[in-house]
Amino acid sequence: MSIALQVENLNTFYGKSHILQGIGLEVREGEIVALLGRNGAGKSTTLKSVCGALRPAQGAIRFRGKDIAGWPAFRAAQEGLLLVPEDRGIFGLLTVEENLRISQRKGSPWSLKDIYRMFPRLEERRRNNGGQLSGGEQQMLSIARALLNHPRLLMLDEPVEGLAPVIVDEIVNQVLEIKQRGIPILIVEQNLAVCAKIADRNYIIELGKIAYHADAVTFANDDEARDRYLGVKAD
Amino acid sequence: MTYLFQIFNGIGIGMLYFLLAVGLSVIFGLLQFVNFAHGAFYLLGAYFTYDLVERGYSFWVAMPLAAIMVMALAALTEIVLLRRIYKLPHTFHILVTVGLALIIQEMTIIVWGPLGGNVPPPEGLNGVIIVGDFIYPEYRLFVIAFTAVLAVGLWWVLEGTRIGAIVRAGSESSENTALLGYNTLRINSAVFGLGAGLAGLAGALAAPIRGVEPFMGLEALGIAFVVVVIGGMGSYTGALLAGILVGVTQSVMASLWPEGARLMIYLGMALVIVAMPRGLLGRA
Ligand SMILES: Nc1ncnc2c1ncn2[C@@H]1O[C@H](COP(=O)(O)OP(=O)(O)OP(=O)(O)O)[C@@H](O)[C@H]1O
Ligand SMILES: [Mg+2]
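Note that the protein sequences, when read in sequence, are chains A and B. FYI, in full-length UniProt numbering the residues of the first sequence are 1 to 235. FYI, in full-length UniProt numbering the residues of the second sequence are 1 to 284.
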């Protein structure tokens with residue numbers, strides 16, 4: 001399978017603190033890759049550095065045949081590398097529909113109609129302001145915006161964090177549908193049950209480095225790795 | 001009847017204040033940037049109009065051309081200078097833009113002299129309208145009508161179009177706007193140019209009413225801030241309401257107690273700050 005995104009030796013600083021210390025990973029066409037790690041390990045920093053929301057000090061990022069390291073976030077987004085950020089990035093004073101409309105880009109396989117079919121709740125609330133949505137609705141809106149924006153690779157930062165189990169299931173199903181439509185996904189997720197359901201491969205990040213890497217089956221049976229890197233006891 | 005005359009005058013001037021204030025307010029909303037050079041763009045709009053009319057151009061050419069020139073100049077200033085200081089504390093914004101305002105004002109004096117001049121009302125609108133015993137200059141009526149149409153158009157652009165939604169999104173978070181693929185640097189320059197261009201247009205429209213002189217920019221800056229504070233930062237209808245309130249107060253006071261006109265306005269602003277710190281129609 002061809003490689004959609006390849007990251008090598010990514011180094012990022014916040015001021016003087018050296019947060020990412022040589023991250024390397026890849027996402028192939030058609031797969032879902034999960035990035036795991038404890039709080040503060042550098043997962044969000046990795047996604048932000050890849051899409052240009054943060055400027056990495058060093059590293060190569062190849063996306064669709066281009067080295068996009070150092071590109072500003074808007075250019076990476078125009079290229080189809082779309083981040084659904086941890087805080088969801090909703091415009092609270094714009095209506096749901098305005099949030100969606102400013103995200104529409106020519107050529108996207110998803111239309112507003114498709115979005116309302118996938119997320120009926122967004123249609124019901126389309127005249128509400130983004131700030132009035134529940135956490136789950138905001139997450140749906142954030143994913144929906146990325147879909148309208150013609151994604152070639154989607155990066156989701158903890159999309160089900162803090163959501164009720166029904167909503168988690170709904171979002172998991174939508175993520176799988178997006179994968180079916182051929183969009184590769186790099187997802188940061190703490191919830192191992194969710195990871196097991198969707199991820200084809202897993203990376204674990206520890207103190208700004210990739211400490212572990214395995215495909216889904218290997219990882220599912222590797223109690224020791226989960227205990228050691230994530231502090232999850234085998235049961 | 002004299003009051004009706006003053007009230008009409010006040011509405012006309014108030015609409016110009018609205019144009020000034022709405023530019024200031026949108027720029028602050030998007031960039032969190034305090035622009036003390038805003039009055040200088042008004043000054044330039046008036047002087048460009050004056051200059052073009054002196055050179056023999058029709059006012060109908062001079063007025064839009066002056067606004068466009070101010071817009072281009074402001075966008076250029078934003079690209080070359082101002083975008084470098086957004087991230088610095090507000091004191092730097094004040095320092096740099098006050099400096100810019102002084103440079104523009106002094107340049108105006110160097111180029112056009114310290115005395116100022118007059119711009120005749122444009123052809124076709126230099127007469128008066130008579131309704132019963134109410135007599136009113138046509139040009140001033142035109143200013144009221146034109147700015148009213150402009151106000152509605154601007155409101156529609158900001159609230160009803162995709163471009164307006166992008167500007168509002170940028171005002172909430174430029175990072176999140178960039179994540180959707182928008183070049184926020186370019187949006188910033190465009191909005192800054194547009195806001196300054198509105199100030200320039202207000203200056204161009206004001207020129208036939210009040211003439212031009214080098215200190216009109218300073219006065220306009222003070223008024224624009226008063227209007228934004230009274231109306232509420234970031235509130236479009238607030239700027240409109242406050243602009244007209246200030247204009248009418250000024251105009252009516254000018255015939256009752258001229259020395260007190262300014263006092264009333266600043267007193268009004270102080271009252272609003274104490275009683276409703278977010279302004280009459282400001283958002284929470
Ligand atoms: N804006 C910032 N300034 C300085 N340090 C930061 C900033 N944002 C994050 N950090 C630090 O960088 C490290 C990595 O943060 P990051 O947000 O990438 O972690 P994470 O793996 O996403 O954690 P979480 O699971 O809590 O979301 C942490 O130690 C954090 O304290
Ligand atoms: Mg995080």
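Among the hints, erroneous ones may be present.
Said to hold, decoys possible - Below 25 Å or equal to it, Euclidean Cα-Cα: the simulated SDA-like pairs (lysine to any residue) are:
hint	chain 1	residue 1	chain 2	residue 2
1	A	Lys106	B	Glu159
2	B	Lys87	A	Lys197
3	A	Lys113	B	Gly164
4	A	Lys197	A	Glu31
These aren't lab readings, by the way, just hints derived from the structure by calculation. Treat the numbers as computed from the prediction; the structure is a model and nothing was measured.
Hints, one by one, checked against the model:
For the hint pairing A:Lys106 with B:Glu159, the CA-to-CA distance comes to about 23 Å; that is within 25 Å, so the pair holds. Between the alpha carbons of B:Lys87 and A:Lys197 the distance comes to roughly 44 Å, so the proposed pair goes past 25 Å and is violated. Under the criterion of a C-alpha separation no larger than 25 Å, the hint pairing A:Lys113 with B:Gly164 is consistent with the structure, at around 23 Å. Our distance criterion of 25 Å between C-alpha atoms is met by A:Lys197 and A:Glu31, whose separation comes to about 13 Å.
The structure is inconsistent with hint 2 alone, although it conforms to all the rest.
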